[in-house]
Amino acid sequence: MNTSTLSSWLLLGEWRARFMQVMVAVLAIAIGVALGFSIHLVNTAAFNEFSAASKSLSGQSDLQVYSRQGYFDELLYPRLAQHEGVRLANPVLEFTARISGEHNGENERKLKILGIDMFRAARISPDLLGVPAEDQRMDGLADDAVFLSPAAMEWLQVGQGDLLRFNVGTQTLALRVAGGVTRVRAGQRIAVMDIGAAQWRFNYLGLLSRIELKLDAGIHHDVFRKELERKLGTQFFVTELEEQEARLASMSRAYRVNLNMLALVALFTGAFLVFSTQVLSVMRRRSQFALLRVLGFTRKQLMLQIVTEGIVLGVIGSFLGLALGYGFAALVIQLFGGDLGSIFFSGIQPDLHLDLVAALVYFAVGLGVTLLGTVLPARDAMQIKPAVALKSDHESNVIERLSSPWPAFTCLVVALLLTQLPPVAGLPVFGYLAIALLLIGGIALMPRFAAWFFSFVLHNVKKRFSDGKLNAIVLMVLARLANVPGQASVALSGVLASFSLMVAMAIMVLSFRVSVDNWLEHVLPADLYVRAADSGKQGGFLADEQKSLAGQSLFSRSDFLRYQQLILDPERPEVTLIARPVDSADPRNTLPIVGKFIKSSQLSEHDRPIWVSEAMVDLYGYTVGKQVRLPVGNGMHTFVVAGIWRDYGRQFGAVQMQLSDYQELTGDMSVNTAALWLRSQATLDAAYRALQQLPYADALEITQSQTIRNTSLQIFDRSFAVTYLLEIIAVIIGLLGVATSFSVQMLARSKEFGMLRHIGVTRKQVLALLAAEGSLLTMLGVVLGFILGGIISLILIFIVNPQSFHWTMQLSIPWDWLLLVAAIMLVAATVTALIAGRRAVSGSVVRAVREDW
Amino acid sequence: MPKKYSKSSNLIASLLMMILLAMLQSQLRAEDQQYAPVVPGYTLVFPQDYGSHPDFRIEWWYVTGWLETSENKSLGFQVTFFRTASPRHSSNPSRFAPQQIIIAHAALSDPALGRFIYDEKTARAGFELAYAREGDTDVKIDDWYFKRNPDGRYIIEVKSDKFSFELSLTPTQSIMLQGERGFSRKGPNIEQASYYYSEPHLDVFGTITQQDKPISVRGRAWLDHEWSSEILDPRADGWDWMSANLDDGSALMVFRIRGKDGSKLWAYGARRNAAGRITQFASDQIEFIPERVWESPHTKAHYPVEMRIRAGEAEWRLVPLFDDQELDSRGSSGAVYWEGAVTVFQNGKNIGKGYLELTGYLQPLDL
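As you go down the protein sequences, you meet chains R and B in turn. Counting from 1, one number per residue, gives the positions in the first sequence under the numbering used here. Counting from 1, one number per residue, gives the positions in the second sequence under the numbering used here.
Calculated from the structure, these hints are not laboratory results. Nothing here was measured: the structure is a model prediction, and the numbers come from that model. No residue lacks a Cβ here, since even glycine has one placed at the ideal position from N, Cα and C. Incorrect hints may have been included.
[Said to hold, decoys possible] What follows is a set of in silico ranges between Cβ atoms, one per label pair, in the way DEER data are often shown:
| no. | chain 1 | residue 1 | chain 2 | residue 2 | range |
| --- | --- | --- | --- | --- | --- |
| 1 | B | 128 | R | 649 | 43 to 51 Å |
| 2 | R | 242 | B | 135 | 27 to 35 Å |
| 3 | R | 75 | B | 111 | 27 to 35 Å |
| 4 | B | 300 | R | 110 | 33 to 41 Å |
[To be verified] Derived lysine-lysine pairs resembling DSBU-like cross-links, with alpha carbons at most 30 Å apart:
| no. | chain 1 | residue 1 | chain 2 | residue 2 |
| --- | --- | --- | --- | --- |
| 5 | B | 159 | R | 214 |
| 6 | B | 159 | R | 226 |
| 7 | R | 55 | R | 537 |
| 8 | B | 162 | R | 214 |
With these hints in hand, go ahead and build the complete structure from the sequences.
The structure is reproduced here in structure tokens:
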């Protein structure tokens, strides 16, 4: 008989015997790989589509010229068009317009509109040209017509010839849907219209948002670009398409990386399952291996045999995982269009591509963790001394080797040191590394700790036992747990890994949610918020409308807010500028200030204060007291950072300044939002009625702060839906681990139980013993998991989040949820132990004991 | 790459086609009465009437000519600038409001190549990037110009990937008012008319660049400047038009408007001899007799590229420089017509050179 036949016999025999356990291990690997792979696929597809969609709007231009303030004077267009080296200049006015209709915060429908000169666009971005009706060929130039992409038509439920109403400031504008923009990417919701008509109808007269350039052949792009940037001055910047892609990537990168990390968590727990399966399998087959050794199998061959088992498991699991992952990704894209709970990728319809490199990587990761879980048991099998092993069922020494505490301690210490390191390229690499090390260290320390703990308990109860106050069963349980920590820890590692990760996630998510809730309360102090759609570059409320709003007798106070987007760094997404009255005596009354701040009395009178969000500190290095220059109005102005506030709304940074400063610098008296406080005797209904009687009531979007709060929390919960799913999967994998390791242990210990039965222990008592063992172990796992998870949650909250998303949060612990999951795990583990035990004690006592020989 | 290119150029095709079609659409709607009408009895005033007439719906400056290169090769060239007012006058104050659209075509007939080379540009007037100025001839799109200097000399500049023209055109004769002192009827209806003058026998001198090789050229050209608000009869299928600088110094222009049923809807012709005496031919005196039909391998359209034209007592025979002078811009503007350099024979004798334009042969074009 050749080796490979023998090898396959051994494999198949083993798997037939423990089909369920093998299946569970394979499934665990598959789930981990599937999750990781599908998240990767969905995110990649969504990102590619998103960036392709954005790129398609810029067509085939070489360079794009933007202003830091979003819009700029159109007279730059003829300058650039006649610039030396420019072959073609394509002026574009891009903005979003609010669709008229019922507004209630979340359902607000905003459409991206591109104003183009079709003669210029035809040569640079021909896909953006509208297709008019046969008999209305000039509609591309019409001043009352708009062309919609198929997705936008479907979304807005309109077709060619219908009227579409927009809010422009406090006015309503009706445009004719003249046709489709059929060549844009599927799912992309955009509208296209004549640039002149767009400027006029939407109040952008004289303004452009970008100019796309095609350069003459032979012009060196970089040189040209530098020269142009120098000529245009700091108000403008020039980009290439690749940079826009980088900017888009940086927008969603933190989100994507963190999601992938969550997927790895599932894989990590899966690895423990393989480990426990393999360890127990080796233990169970000690005598079999010993026999093989006696029959001439070399150590190497034995090692190979076990590693082969692992490889086969890993290959099957990883393949299954890839298939599952692809299917899952396809399903997600079909159902949710690539938006895994984030807002980055909404409004697109990605195509799923089977990414071979990614598939290979995830396959390798799946196989890798399986091998990791196999190597230690295989080494253990190699150490088998055939003579000893054949004779008696000697306990495994796998765990004893592991349990030298120093590597584990080193892991923990290194983990703690890593938490002090800064992010790498905006990603909390060291934070994640610290978490991984904590998990490894914690789990490695597990058996030693279990032994310490149970020895300690045993030592303490021994006396009570000799006093006859304690049941013998309890003593037996403790004695076993204290003296054979090896097997216990295998079961425990699964519980520990999954429970600690779950605790960490739960604490992180709750802390985040509570912080967001508090923050919302702080940033939405008024009773009502009234918004009007932008009117071109200006906010929707002009001076008259502000007066009529503030003059309402129902309101005790009204604040006006002006929002604008600024680009401080072309490689980063826009920063939001918020101008509003800020309590200068104590800005904490207006803003959720964190840390120290400068009071107005400490500023000299010509210093203009700004308060910046935490993201500005991380991204732009703003600190309290620093003088910074911002493009506000015409030109750059100097401000002093007077405080830092917490902002969960704008990950890429926000700056608040006094409305009066803003108006002085820009002369722009318009605002976007009015915050209204009701008089004590006024009701919300009365306020609504009063507002609806305003002549421009149709264009108003009135929201109660309570509604905004609820909507925001809903959005929050939706974004974390994936996290909840992963938590549940981690728990399930953990429980599967408990089930496997217990049932295998039970089989391995049937001799022990036979012996116990022989010396007079009843069946019931054996079962009680098993249940107690299971619950005690799980309890220890849960407690340790809680501690470990707590530490990990601290890393997530205080390191990973601030480094990825640039915001901090307060710690809150979801005790009830954690206790519930702990109880479920405890019960589940006990029940599992019992079920496994019933099988172990069901056989004949005599046969069980005879197996000893 | 080729796929992308064809996709974008097809789109440009349909886009420009719709502009051209809309521009040349014959039927005027009742509400479009805001355009200035073409009425008989108006006296053309120069230099103002050299310039643009933005109140009229449509206008063009059209130059054709024969050139001789320094290597003694013959070339035909055509440069046209169109101006069209947007179909409805809007009160849009935006500088981008498309009040006027400027379109330019340029073509080169090189017998050495045996085919047309052609390019075009379209833009809305504005920002000094594209305009048709009033006061004197001055039309521009980006780096394409057509401009009349105060001394009467015209300057043409066209830069394209395919070729470049830098030409100066010097008048050798006075301008030739077509029709009734510049009022040129185009159909049985009195409103179907344009203001129309020509400048024959322009002395051409300049450079033509092909494949980065500049060649100096000289020759003779013919300029037409025409503006109108309503020009073609709705029953019209297309037109046949010819102009020629005859060797004896006389200038000849004949056109007919073809009906959809093949009939002659309208025709007109005029011959001015070197002394400046004009002979006009009325619609019923003119006959176009196809002599040889050429089938385009590109479009399968049939063009009577060799034509006999009878006007009163006189008869001329037109022989093309080469057959394939079809302007097939389905890959770009979509317009398809034959626009060719022709030699004029009378009684078997070569008496001059001109251009023949045959439109509406592929399909009942609105052209």
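Verification of the supplied hints:
1. Separated by about 45 Å at the C-beta atoms, residue 128/B and residue 649/R satisfy the suggested range of 43 to 51 Å.
2. A beta carbon spacing of about 48 Å between residue 242/R and residue 135/B contradicts the range 27 to 35 Å that was offered as a hint.
3. Taken as a hint, the range 27 to 35 Å is violated for the pair residue 75/R and residue 111/B, whose Cβ atoms sit roughly 47 Å apart.
4. A hinted range of 33 to 41 Å for the beta carbons of residue 300/B and residue 110/R is inconsistent with their spacing of about 50 Å.
5. For the proposed pair residue 159/B and residue 214/R, the alpha carbon gap of about 16 Å is at most 30 Å, so the pair holds.
6. Among the hinted pairs, residue 159/B with residue 226/R is consistent with the structure: their alpha-carbon atoms are about 27 Å apart, no more than 30 Å.
7. Simply put, residue 55/R and residue 537/R have alpha-carbon atoms about 24 Å apart, close enough for the 30 Å limit, and the pair holds.
8. At most 30 Å may separate the alpha-carbon atoms for a hinted pair to count; residue 162/B and residue 214/R meet this at roughly 18 Å.
Going down the numbered hints, you'll see the structure goes against 2, 3, 4, while the others check out.
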